[in-house]
Amino acid sequence: MTERPSPPWVDLSIHTDLVRRILVDFIRTEITRAGFQRAVVGVSGGVDSALVCFLTAEALGPENVLALRMPYRTSSPESLEHAQLVIEKTGVQSRTVDITPMVDAYLERYAPDADQVRRGNVMARTRMIVLYDHSAAFRGLVVGTGNKTEILLGYTTLYGDAAYAINPIGDLYKTQVWQLAEAVGVPQVIVNKAPSADLWVGQTDEGELGFSYRLADQILYRLVDERYTPEEVVALGFPPEVVQAIVERVRRNHYKRIMPPIAKLSHRTVGYDFLYLRDWGTG
Amino acid sequence: MPFTIALVQFQTRLGDVQVNLERHLEWIRRAREQGADLVVFPELSLTGYLVQDLVPTVARKPRPDDPAFGPLLEASKEVDLVVGFVEEDRRSRFFNSAAYLSRGQVVHVHRKVYLPTYGMFDEGRFFAWGDRVSAFDTRFGRFGMLICEDFWHVSPPYLLWLDGADVMLFPTASPGRGIVPASAQLGVARWVENVVQAYAGLFTVFTAFANRVGFEDGIHFWGGSALYGPDGTLLVQAPYHEPSMTLYQVDLRDLHRARARLPLLRDERTSLFQRELARILEQRGLPKAPRL
Chain U
1 MTERPSPPWV
11 DLSIHTDLVR
21 RILVDFIRTE
31 ITRAGFQRAV
41 VGVSGGVDSA
51 LVCFLTAEAL
61 GPENVLALRM
71 PYRTSSPESL
81 EHAQLVIEKT
91 GVQSRTVDIT
101 PMVDAYLERY
111 APDADQVRRG
121 NVMARTRMIV
131 LYDHSAAFRG
141 LVVGTGNKTE
151 ILLGYTTLYG
161 DAAYAINPIG
171 DLYKTQVWQL
181 AEAVGVPQVI
191 VNKAPSADLW
201 VGQTDEGELG
211 FSYRLADQIL
221 YRLVDERYTP
231 EEVVALGFPP
241 EVVQAIVERV
251 RRNHYKRIMP
261 PIAKLSHRTV
271 GYDFLYLRDW
281 GTG
Chain L
1001 MPFTIALVQF
1011 QTRLGDVQVN
1021 LERHLEWIRR
1031 AREQGADLVV
1041 FPELSLTGYL
1051 VQDLVPTVAR
1061 KPRPDDPAFG
1071 PLLEASKEVD
1081 LVVGFVEEDR
1091 RSRFFNSAAY
1101 LSRGQVVHVH
1111 RKVYLPTYGM
1121 FDEGRFFAWG
1131 DRVSAFDTRF
1141 GRFGMLICED
1151 FWHVSPPYLL
1161 WLDGADVMLF
1171 PTASPGRGIV
1181 PASAQLGVAR
1191 WVENVVQAYA
1201 GLFTVFTAFA
1211 NRVGFEDGIH
1221 FWGGSALYGP
1231 DGTLLVQAPY
1241 HEPSMTLYQV
1251 DLRDLHRARA
1261 RLPLLRDERT
1271 SLFQRELARI
1281 LEQRGLPKAP
1291 RL
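Chains as they are written, first to last, in the numbering used here: chain U, 1 to 283; chain L, 1001 to 1292.
Treat each hint with caution, since some may be false.
[Said to hold, decoys possible] With the Cβ distance kept under 8 angstroms, some of the chain U side facing chain L (calculated, not the full set): (1) Ile-14; (2) Thr-29; (3) Asp-113; (4) Val-117; (5) Val-201; (6) Gln-203; (7) Arg-214; (8) Leu-215; (9) Leu-223; (10) Tyr-276; (11) Arg-278; (12) Asp-279; (13) Gly-281; (14) Gly-283.
Simulated from the structure, these hints should not be mistaken for laboratory data.
Source: prediction; values computed, not measured.
C-beta: ideal position from N, C-alpha, C; glycine also.
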């Protein structure tokens, strides 16, 4: 067996002051021009939602941000503690909504045999219901917490964590989220821990995906940003099975990234030739 | 004669010409207070950039009876103006245009020639292509205007140079992008600044771009409007990301000084260029651009 060359890694570091400036402006501008002053963020205890909570607090002032902790009975107590750390460090308003009664009422009665993935999706979508209800009650927009890596991999629940009004970090790879989180003051214990959706006990993202985020980011950057072909990425020395798995995930999950197709019948159809920005008439 | 140029970068309201007109008039009032003789606004400053299907709704004719151009032409009696707008011609073709207004008259309209239609850009879908690059005389000197993508191509500034433009004004709406490799300056900002600065030095002219700020959906415009002198130096630059007005007193005698030292214009071999271009297009069988 021939030895593969070790692949050349791209330095994905960002200038954190620049990116922070743009993202804070983005949150403030896009929320206020939609007629709101406030925001709602689901804070899980993980680094993505921690970063978004910090950025949103900076953009709107902590008093205008509602952080929601939404544990399920199997959620790790550590997640709840880390979420509390974010709330205390940013000074945002907060509320804890235990989703166990909502989730279990459904699962026990209608889906007792549901596997882990179905249960996880029910939890993610229950959290979406809680977030959007508080969006109305608090009069704040839901700020999304999905990063570029998980959006591209489709490692999200459609209409669950993938549901939000705006997303400040969706064009940052996980590696860059870590760097920016550290720069804005997210506690080290959150930045350094293993990423987990915490949908079942012992779950880790990297264990479930089968590859590390740092490796995935390198491969995605080559494929997506630099438009290498999968063969060219493998030729650089990246593991072929990981490249293939990522290419397949990106393609198979594209439906999660676009609006559902509408069957075209008329001359002007929403989604095809009725083209306006969301910011139409504002600004 | 020295004159004071003001480069304005601001947030437009997408698709609302009336509100944007009011913002123009307010900036013009402030520019007058600070002694400006010429105010340059960014690309599509009357409409916002990503107008898409709003194009026919926001389109204007640059005439005194137009509700937006009426007040702008009136304001131009006091101070010269460059404004960006969607232009509708007599046969209802829509252009991404910039108008130079002075003394109550429309002095010149440039229709964007290069409509970026790739990546995040879709201008070719919504706009007609401009088909002219020409310099024009102002009360200060001979100027030229290009819009954003026009100056990513080397030939339009070159044509303006040969047509006598000593001051090149580039209204721009440049979406911010490029965070890797890490730098305090976005990748696209570095590129725009390098290019606009290079034209100043290569052509021994003044070049300036006025770039949007603010957001349209997730797209952010980075500002950083700048003016360069005929020896290629940066004369003044606006802050990145923030609404601002940046003023500079232009001394056109700098043209004399730069060209006395560096006679690039004197030595330019235009007939050689013309002959060789004709030969290349003829003999090499290069695909002729559709509107060449």
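**Report entry** Structure versus earlier hints - violations, ascending order
**Finding:** 3, 4, 5, 6, 7, 8, 9
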